[in-house]
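There are 2 protein chains.
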Amino acid sequence: MLEVCLLGTGGMMPMPRRYLTSMLVRYNGLSILTDCGEGTQIALRQAGYSPNPIGIMCFTHYHADHISGLPGMLLSMGNSDRTEPLLMIGPRGLERVVGALRVIAPELPFEIKYREIKEASEDIAFEGGFIRAFRVNHNVTCYGYSIEIKRSGRFDAEAAKAAGIPLKYWNRLQHGQIIEEDGVRYTPDMVMGAERRGLKVTYSTDTRPTDSIAENAKDADLFICEGMYSEADKFEKALEHKHMMFKEAAQLAAKAQPKEMWLTHYSPSLFKPEQYMDEVRAIFPAAKAGKDGMSVDLNFDED
Amino acid sequence: MLEVCLLGTGGMMPMPRRYLTSMLVRYNGLSILTDCGEGTQIALRQAGYSPNPIGIMCFTHYHADHISGLPGMLLSMGNSDRTEPLLMIGPRGLERVVGALRVIAPELPFEIKYREIKEASEDIAFEGGFIRAFRVNHNVTCYGYSIEIKRSGRFDAEAAKAAGIPLKYWNRLQHGQIIEEDGVRYTPDMVMGAERRGLKVTYSTDTRPTDSIAENAKDADLFICEGMYSEADKFEKALEHKHMMFKEAAQLAAKAQPKEMWLTHYSPSLFKPEQYMDEVRAIFPAAKAGKDGMSVDLNFDED
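Protein chains in written order, with this note's numbering: chain L, 1 to 303; chain U, 1 to 303.
Mixed in with the good hints there might be a few duds.
Which copy is meant is left open, so a pair is good if it fits within one copy or across any two.
As the list claims (entries may be wrong) - Lysine to any residue pairs mimicking SDA-like chemistry, simulated, CA-CA at most 20 Å apart:
(1) LYS237 x ASP81
(2) LYS242 x GLU107
(3) LYS237 x ASN79
(4) LYS237 x GLY78
Hints are computed from structural coordinates only; laboratory data are not their basis.
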């Protein structure tokens, strides 16, 4: 099971009852946090989580509303006696920006590892899955992220029998091991069917629409996408500051066909996002206006 | 009128329903903010204020819970098209720390002026009053602040008449001007009584009790004081990390005799400060457990 929580839904500045946009994904004991603006640690606690198990942090870019909560989050992780290293992923400049912010969080009981993304798309593996960073189109270098969980194929007992593989090796083959005995070699592909559909959540914010976003969100279980402005007269502003309209997010989702899309990163001027969802759903029906603390448990298909 | 609002009452980390300790003082169109931890701009808006009119910011010290909200606050001030310069006051290192944090808030439409406090006590004047910074005793250099509004004496019409001062000069003398005419010199002290009691609010946090705190809070209208821990078994912790117990704050107040004391900067482990106030009030009766957003309007004595 992959648990996804949209901790906040605000853009630009945190507000009473709307924290800054940030996503927490939990899988198999690992928490992955994407973006950490001012107040994210409060939103995290409000949603019932703790900072301690965050093993990976992804940053889309270094505008304050996406990273200003980092020093406090690091200190709270440190205060909870965490000692495991923390992996940070983000565009070029990551170590420099984090280093500067750590002027007020200089001492931590855990190591920080940095992975600076330079290519248009890069994959970073973790146990059971991988994170794909893909470049988007903002006024500074900015990345979207997909978090994917792999699912192996079904074990084919008939194939194993037909190949004469001793029963005692079945379990190890099923877990991906290669076995050699008396000059005979047994490999997992002899007993395993094709890889099955896994789980995927895609997060993209602070960008104009791009083909790459639609490709990266393709068939995602959940696509969390920026919808900074809803009203047509804000389009100039969206163009100027390289943000996205509700409708544009809907059009991306219509191309990508995720199972569901949630909008987020609302302008402070946007009071009731729900009011504008009809025109979004006219383009892509499985759309929801994200709310602070909204969460979902994603499970493998039953097959 | 001096308006004082305790924006938050938390220490160490911001929590749902308890923002970090910060005080907003408003006088005559000027807002003075003391400390700005993560979430202070949210607390400020929650209490109904705006970041724009903040003309002076005081920092007690540079632990994250007292300054981590600065980049976001500066950006919010910039977004509201503020152009007036901002004066920052704090211990040595102010410009270096703020400079580092501004890696995520590099462009602002207003100038920042720095006043680094080096002496045990320093006064900084503003129109109508002054701020007194006084060193306290924490594990890094830390200052408390008093904000004082001056009040001139009463105009003494009898004295003016007796001295034969022409009526046309009375108003100017009353406003502090010196007048010379035909070799005769009229000075305000000829017509004004002794300076009357003004207004004073004193703020001290992150410190062990010191005589200087009691002296500086002497006769304040409001003394906002750290009460990090309430239970006796936390005393070792208070000593180690140089914080204050509820009782110790009460003893300081008993010496200083402010009109009222509010406790703040509660440990995250302290859920209901009100439960421990009886023993505080046994020592100093005019004590309140501070709450987020608690405010008071201080007025000159009626005399």
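### Broken hints, by number
Result: no hint breaks.
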